[in-house]
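Peer 1: Assembling the complex is the task here: the two chains are given apart, and the hints tell you how they should meet.
Protein sequences, first through last, are from chains A and B. If you're matching positions, the first sequence starts at 1 in our numbering and goes up one per residue. If you're matching positions, the second sequence starts at 1 in our numbering and goes up one per residue.
Any given hint might turn out to be false.
As the list claims (entries may be wrong) - Below 20 Å or equal to it, Euclidean Cα-Cα: the simulated SDA-like pairs (lysine to any residue) are: (1) B:Lys95 - A:Asp18; (2) A:Lys41 - B:Gly9; (3) A:Lys40 - B:Ser78; (4) B:Lys95 - A:Ile45; (5) B:Lys45 - A:Ser65; (6) A:Lys40 - B:Glu5.
I should point out that these hints are in silico values taken from the structure, not numbers from a laboratory.
One letter stands for each residue in the lines below.
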Amino acid sequence: DTAVSQTPKYLVTQMGNDKSIKCEQNLGHDTMYWYKQDSKKFLKIMFSYNNKELIINETVPNRFSPKSPDKAHLNLHINSLELGDSAVYFCASSQTTTGYNEQFFGPGTRLTVL
Amino acid sequence: RKEVEQDPGPFNVPEGATVAFNCTYSNSASQSFFWYRQDCRKEPKLLMSVYSSGNEDGRFTAQLNRASQYISLLIRDSKLSDSATYLCVVNRNEKLTFGTGTRLTIIP
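Just chain B, same shape as in the assembly (with noise of 0.2 Å):
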């Protein structure tokens, strides 16, 4: 079983959606998590971290549950720029570990 798994998409979702990506991972002793977003030929850059409590970002909102070991990220009113791929990665002793990505499609 893969350290962090994501559905791979691609999701082609119409402007103005909102859309939901999930991931898991299998070390409960995982210690942070983020979603990181990678444009195509270009480097992972930091969307946000994630908190138990959950976390919003403007039209990004983040969760995690740890009893789960699952982590989500939701984007509404989506945007043609948010078309991308977003990584879900996990933070042990200082390694991150990324998932393979979910690829998104903004359609106009």
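The following block holds chain A by itself, in its conformation from the complex (with noise of 0.2 Å):
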């Protein structure tokens, strides 16, 4: 009964190579969040949908595009590595709708790229 899940939980890569996370969620909540923790433990949002429509969409480089195919799911392309992509992604869920925002996290994924 997890209520956000990520798969897989730990990815090892190499550069250059394209990879995706995926996430789930049965909170029945209408938005979803990337976030990425770096070595320096800090935790930056990324991107963020709510009912399967893009809302926040920070720096990021296009190499990351996000895809969510209904409001349960957020899954993270990544294309092209780099070295700089290794860090751990969380995913997130929320219900807007409650005014106070209050995100639950799934597990983590670890992308270490070599």
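Peer 2: What follows is the structure in structure tokens.
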């Protein structure tokens, strides 16, 4: 009965490859997010989708493309991976109609680019 | 100036002590406020929301001062299991901005 799940948990890949991370939430929330946590542990938002519509798109390279097939899923595709993409990527969800925006996070995907 | 600023610590505190964390935020239009807790190699988890009137949840008390743009968290009777990084979080227009976190270690 995991609320926000991500796959894979670990991803090790070579520079230049293309990879995807999947996220699903079963909380019935209307908004989903992708965050990046770098080696200094700073957590920064990348994207958010509300009911499949892109709402937030921070300054992120075009190599990162989110896709939301429905409001319970938000996937992240990364093209031409670079060393600097190594980080932990967290998916999160919230019900923004409450006004408080309490977000619930998935367990993270630890990406290592070699 | 960072949008959300916290003392990174580390705070090393004996078990049973009281510890307080502070946080300031720069945007007066911020709408809601939270403390999250993150254990090593785990995801952030909501600890508590912070309300202007102040709120308490067991050993944890959070305060918000909108005039000073200041948020605090007080932990009483600290337990070993309180060891974690505490993240001050501010919400504006459905976007959360996280502080860099304050690392707390409770010493037996």
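Peer 1: Holds or violated: Lys41 of chain A and Gly9 of chain B, Cα atoms, limit 20 Å.
Peer 2: holds, 13 Å
Peer 1: Run the distance test for Lys45 of chain B versus Ser65 of chain A: straight-line Cα separation, threshold 20 Å.
Peer 2: This hinted pair is violated, its Cα atoms lying about 26 Å apart.
Peer 1: Tell me if the straight-line CA distance from Lys40 of chain A to Glu5 of chain B falls inside 20 Å.
Peer 2: holds, 15 Å
Peer 1: Measure nothing beyond the straight line between the CA atoms of Lys95 of chain B and Asp18 of chain A; if it is 20 Å or shorter, mark the hint as holding.
Peer 2: violated, 28 Å
Peer 1: Taking only the CA atoms, is the gap from Lys40 of chain A to Ser78 of chain B under or equal to 20 Å?
Peer 2: At roughly 26 Å apart (the allowed maximum being 20 Å), Ser78 of chain B and Lys40 of chain A break the hint.
Peer 1: When you check the alpha-carbon spacing of Lys95 of chain B and Ile45 of chain A, does it fall within 20 Å?
Peer 2: Satisfied, since the Cα-Cα distance of roughly 8 Å is no more than 20 Å.
Comparing the model with each numbered hint stated earlier shows that hints 1, 3 and 5 do not hold.
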